[in-house]
Amino acid sequence: MNLITKPSKENIKTYLPIGIVLIFLSFLDVFINAFFSLNLSGFFPSQVSYFLPLILGYIGFYLIRIEFSGVRSLDILNKNINSNNFNAFLTLLTVFIIIKSIPPLLNWFFLEANFVGDSKDDCTGNGACWVFIKVWFNRFMYGLYPDAEQWRINSAFLILFTVVGVSFFVKEKLKKYFILFLIFIYPFLGIELISGGSFGLKYVETAAWGGLSLTFIISAFAILFCFPIGVFLALGRRSSLPAIRYISIGFIELWRGVPLITVLFMSAVMFPMFLPDGTFIDKLIRVLIAITLFEAAYMAEVVRGGLQALPKGQYEAAKSLGMGYWRMNALIILPQALKLVIPGIANTLLALVKDTPLIFVVGLMELAGMIGLAKTNPKWLGMAMEGYVFAGLVFWIICYAMSRYSQNLEKKLSTER
Amino acid sequence: MGKIIELKKVNKWFDKFQVLKDIDLEVAAQEKIVICGPSGSGKSTLIRCINRLEEHQEGNIIVDGNELSESTKNIEKIRAEVGMVFQQFNLFPHLSILDNCTLAPIWVKKLPKKEAEELAMKNLTRVQIDDQALKFPGQLSGGQQQRAAIARALCMEPKIMLFDEPTSALDPEMIKEVLDVMVDLAKGGMTMIVVTHEMGFAKEVADYMIFMDEGKIVERARTKEFFENPKSDRTKLFLSQIL
Numbered sequence: 001m002n003l004i005t006k007p008s009k010e011n012i013k014t015y016l017p018i019g020i021v022l023i024f025l026s027f028l029d030v031f032i033n034a035f036f037s038l039n040l041s042g043f044f045p046s047q048v049s050y051f052l053p054l055i056l057g058y059i060g061f062y063l064i065r066i067e068f069s070g071v072r073s074l075d076i077l078n079k080n081i082n083s084n085n086f087n088a089f090l091t092l093l094t095v096f097i098i099i100k101s102i103p104p105l106l107n108w109f110f111l112e113a114n115f116v117g118d119s120k121d122d123c124t125g126n127g128a129c130w131v132f133i134k135v136w137f138n139r140f141m142y143g144l145y146p147d148a149e150q151w152r153i154n155s156a157f158l159i160l161f162t163v164v165g166v167s168f169f170v171k172e173k174l175k176k177y178f179i180l181f182l183i184f185i186y187p188f189l190g191i192e193l194i195s196g197g198s199f200g201l202k203y204v205e206t207a208a209w210g211g212l213s214l215t216f217i218i219s220a221f222a223i224l225f226c227f228p229i230g231v232f233l234a235l236g237r238r239s240s241l242p243a244i245r246y247i248s249i250g251f252i253e254l255w256r257g258v259p260l261i262t263v264l265f266m267s268a269v270m271f272p273m274f275l276p277d278g279t280f281i282d283k284l285i286r287v288l289i290a291i292t293l294f295e296a297a298y299m300a301e302v303v304r305g306g307l308q309a310l311p312k313g314q315y316e317a318a319k320s321l322g323m324g325y326w327r328m329n330a331l332i333i334l335p336q337a338l339k340l341v342i343p344g345i346a347n348t349l350l351a352l353v354k355d356t357p358l359i360f361v362v363g364l365m366e367l368a369g370m371i372g373l374a375k376t377n378p379k380w381l382g383m384a385m386e387g388y389v390f391a392g393l394v395f396w397i398i399c400y401a402m403s404r405y406s407q408n409l410e411k412k413l414s415t416e417r
Numbered sequence: 001m002g003k004i005i006e007l008k009k010v011n012k013w014f015d016k017f018q019v020l021k022d023i024d025l026e027v028a029a030q031e032k033i034v035i036c037g038p039s040g041s042g043k044s045t046l047i048r049c050i051n052r053l054e055e056h057q058e059g060n061i062i063v064d065g066n067e068l069s070e071s072t073k074n075i076e077k078i079r080a081e082v083g084m085v086f087q088q089f090n091l092f093p094h095l096s097i098l099d100n101c102t103l104a105p106i107w108v109k110k111l112p113k114k115e116a117e118e119l120a121m122k123n124l125t126r127v128q129i130d131d132q133a134l135k136f137p138g139q140l141s142g143g144q145q146q147r148a149a150i151a152r153a154l155c156m157e158p159k160i161m162l163f164d165e166p167t168s169a170l171d172p173e174m175i176k177e178v179l180d181v182m183v184d185l186a187k188g189g190m191t192m193i194v195v196t197h198e199m200g201f202a203k204e205v206a207d208y209m210i211f212m213d214e215g216k217i218v219e220r221a222r223t224k225e226f227f228e229n230p231k232s233d234r235t236k237l238f239l240s241q242i243l
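If you read the sequences in order, they're chains A and B.
Numbering-wise, the first sequence is residues 1 to 417 according to the working numbering.
Numbering-wise, the second sequence is residues 1 to 243 according to the working numbering.
Read the hints as simulated data drawn from the structure, not as lab findings.
There may be inaccurate statements among the hints.
To be verified - For lysine-lysine, the following PhoX-like pairs were computed, each having C-alpha atoms within a straight-line distance of at most 25 Å:
1. A:K319 with B:K110
2. B:K3 with B:K21
3. B:K216 with B:K203
4. B:K135 with A:K319
5. B:K203 with B:K187
6. A:K379 with A:K134
7. B:K176 with B:K122
8. B:K109 with A:K312
9. B:K113 with A:K171
10. B:K135 with A:K412
11. A:K173 with B:K187
12. A:K339 with A:K312
13. A:K173 with B:K3
14. A:K339 with B:K135
15. B:K73 with A:K319
16. B:K135 with A:K175
17. B:K224 with B:K176
18. A:K319 with B:K114
19. A:K319 with B:K122
20. B:K9 with B:K231
21. B:K77 with B:K159
22. B:K113 with A:K175
23. A:K319 with B:K159
24. A:K339 with A:K319
25. A:K175 with B:K114
Note that the structure is a prediction, hence the values are computed from the model and not measured.
Using the sequences and the accompanying hints, generate a full structural model.
This is how it looks when you write it as structure tokens:
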């Protein structure tokens, strides 16, 4: 009986084609069912018909599971997705789920979606109403910033991207001037441009800022400031001076122990009460400080992890060469420690970017906040899905870019070969 | 010749455990001293006290005319004159060998970059790894790393060199290349204090031998005398075990 013998190299000529045909049939059945709503095996009783692709695929995978078959691609396939009955089962389920979920997604995103029009009534299909995003796009990007002044935001970001872009192509020696410009000059230039009030630019109050541009502004400033503060806190927590150590520990534990939403609320509502009459700090600045200090506490712990991973010998070698505390840390310890914790730093900064929507509690609306506002507009009720899918996509693109950048940085700085 | 290092009645405790007991030691300029003894006898702690990587609790340590104590303000300046070579090399893995050598001269001694690089190349040539200058420590063998560490210490142009078991972490084949460099250094007139178990090296270069046990200096003698006619029974036992 040929069918009972275990699949092996001897019977590969019969088993392999049969197995491939069975697997193909099972995929075909699911595919046609998913895309054309036809049931090929409808002539079987309903239960058998339902499980038929699974059974066919399962037998097929069993038949092609031939050890040391001599066919390279078959060996790789068997090793990775078909090493035993259970894995074959999981492989089949995964493939079926992917095939099954493509048509509905395709329909919702593209085929039955509406792209043309300028009101909700133009959305007649069953799919997404991208008209919503199109109509509100300007608001999602710039918030309530006056239309006539939006060129200022555009040019601020254009300058930023140009400088960053160019800095990748200039020589090492010039690079440091670009970085100094970006850290010490650009932030003020950018804020001046967007906020206005001088050089003939109309003043735009921060309450009108919003949308994706506000996401970028808050993220950029918080990242810029939370990083150095975090490094100092990390060093402070390991300081041999008790006063500095306990202040650092107290600061870190306080900010880490409080939810960000509480911190934001306090910064906006309670903090002004403690200020003397007549002094006023802009809400956006208060929020920025709150986010910065909050993330700095997390950053401090990440950096401390790196500091602790360094062998004691590095400190001793630096000291024995006559370096004092600051030189030792700046030249020897931090470059190594920060390199070690790049994944952790990226983690914290990604979390920071994704935490920005929380500023809605104090009435500031970045991208997600603007979407929240737009979906409650009486003319556009029921657009939450489109809005949040869009927000998710935008945040994903930002975060994925940051993640890729951190991976590249890790590779570039690696000296272990 | 004047005394360059002087230790008087130095005592040190790790918590309640006394690691150094009444250590008296004088080293003249250009003298070479080898310290040996069983592990845990306090040899490493002793030389680490000399550049204050460890702090002593009692007694005086005077290095090149400066007393080391808690109130020493310019400890960095003293350390810059005392080179140290570690058992685990402790090269800076994020910098190339050349940068390892130029970093401290540039930032501590404020040498111009070009001069520092010339100095580094001179010292790397001296330890015969000038061809590895642009590699990173992780790409070098243990023996090469230790020679690079010696070159790094030499780039500060120290008056004294301390060696803390410089060959203990090396494969037997690589020990010789490091010892050769150290012998060459000794012949050049450097003041050296070496903690090592390499008795062949000790016989070749040491002016004095010091034998330590349980935190005390048990025997201090001229090298020839030490090996041919040790006085203490403890020293005899130790020598019989390692020779």
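Each hint tested on the structure:
Between K319 of chain A and K110 of chain B, the direct Cα distance comes to roughly 16 Å. Compliance with the 25 Å bound is thereby established for this hinted pair. Using a Cα cut-off of 25 Å, the hinted pair K3 of chain B and K21 of chain B holds, with the two alpha carbons roughly 22 Å apart. A hinted pair counts as satisfied when its Cα atoms are at most 25 Å apart, and K216 of chain B with K203 of chain B qualifies at roughly 22 Å. Distance hint between K135 of chain B and K319 of chain A is fulfilled; the C-alpha atoms sit about 23 Å from each other, no more than 25 Å.
Restraint check: the Cα-Cα separation between K203 of chain B and K187 of chain B comes to about 13 Å, which is no more than 25 Å; the hinted pair holds. Restraint check for K379 of chain A and K134 of chain A: satisfied, since their Cα atoms lie roughly 14 Å apart, inside the 25 Å limit. The hinted pair formed by K176 of chain B and K122 of chain B meets the criterion: a straight-line CA distance of about 21 Å does not exceed 25 Å. A threshold of 25 Å between alpha carbons decides the hint, and for K109 of chain B with K312 of chain A the separation of about 24 Å falls inside it, so the pair holds.
For the given pair, K113 of chain B sits about 19 Å from K171 of chain A by alpha-carbon distance, which is consistent with the 25 Å threshold. Between K135 of chain B and K412 of chain A, the direct Cα distance comes to roughly 15 Å. Compliance with the 25 Å bound is thereby established for this hinted pair. Simply put, K173 of chain A and K187 of chain B have alpha-carbon atoms about 43 Å apart, too far for the 25 Å limit, and the pair is violated. For the proposed pair K339 of chain A and K312 of chain A, the alpha carbon gap of about 17 Å is at most 25 Å, so the pair holds.
The straight-line distance between the Cα atoms of K173 of chain A and K3 of chain B is roughly 48 Å, outside the 25 Å bound, and the hint therefore fails. Distance hint between K339 of chain A and K135 of chain B is fulfilled; the C-alpha atoms sit about 19 Å from each other, no more than 25 Å. A threshold of 25 Å between alpha carbons decides the hint, and for K73 of chain B with K319 of chain A the separation of about 14 Å falls inside it, so the pair holds. Between K135 of chain B and K175 of chain A, the direct Cα distance comes to roughly 24 Å. Compliance with the 25 Å bound is thereby established for this hinted pair.
For the hint pairing K224 of chain B with K176 of chain B, the CA-to-CA distance comes to about 22 Å; that is within 25 Å, so the pair holds. Restraint check for K319 of chain A and K114 of chain B: satisfied, since their Cα atoms lie roughly 24 Å apart, inside the 25 Å limit. Among the hinted pairs, K319 of chain A with K122 of chain B is consistent with the structure: their alpha-carbon atoms are about 23 Å apart, no more than 25 Å. Our distance criterion of 25 Å between C-alpha atoms is met by K9 of chain B and K231 of chain B, whose separation comes to about 22 Å.
Only pairs whose Cα atoms come within 25 Å are accepted, and K77 of chain B paired with K159 of chain B is accepted, the gap being roughly 12 Å. A threshold of 25 Å between alpha carbons decides the hint, and for K113 of chain B with K175 of chain A the separation of about 19 Å falls inside it, so the pair holds. Distance restraint check for K319 of chain A and K159 of chain B: the Cα-Cα separation of roughly 16 Å lies within the 25 Å cut-off, and the hinted pair is therefore satisfied. A distance of roughly 21 Å separates the Cα atoms of K339 of chain A and K319 of chain A; the hinted pair therefore holds under the 25 Å criterion.
A distance of roughly 21 Å separates the Cα atoms of K175 of chain A and K114 of chain B; the hinted pair therefore holds under the 25 Å criterion.
Hints 11 and 13 from the list above are not met by this structure, while the remaining hints are.
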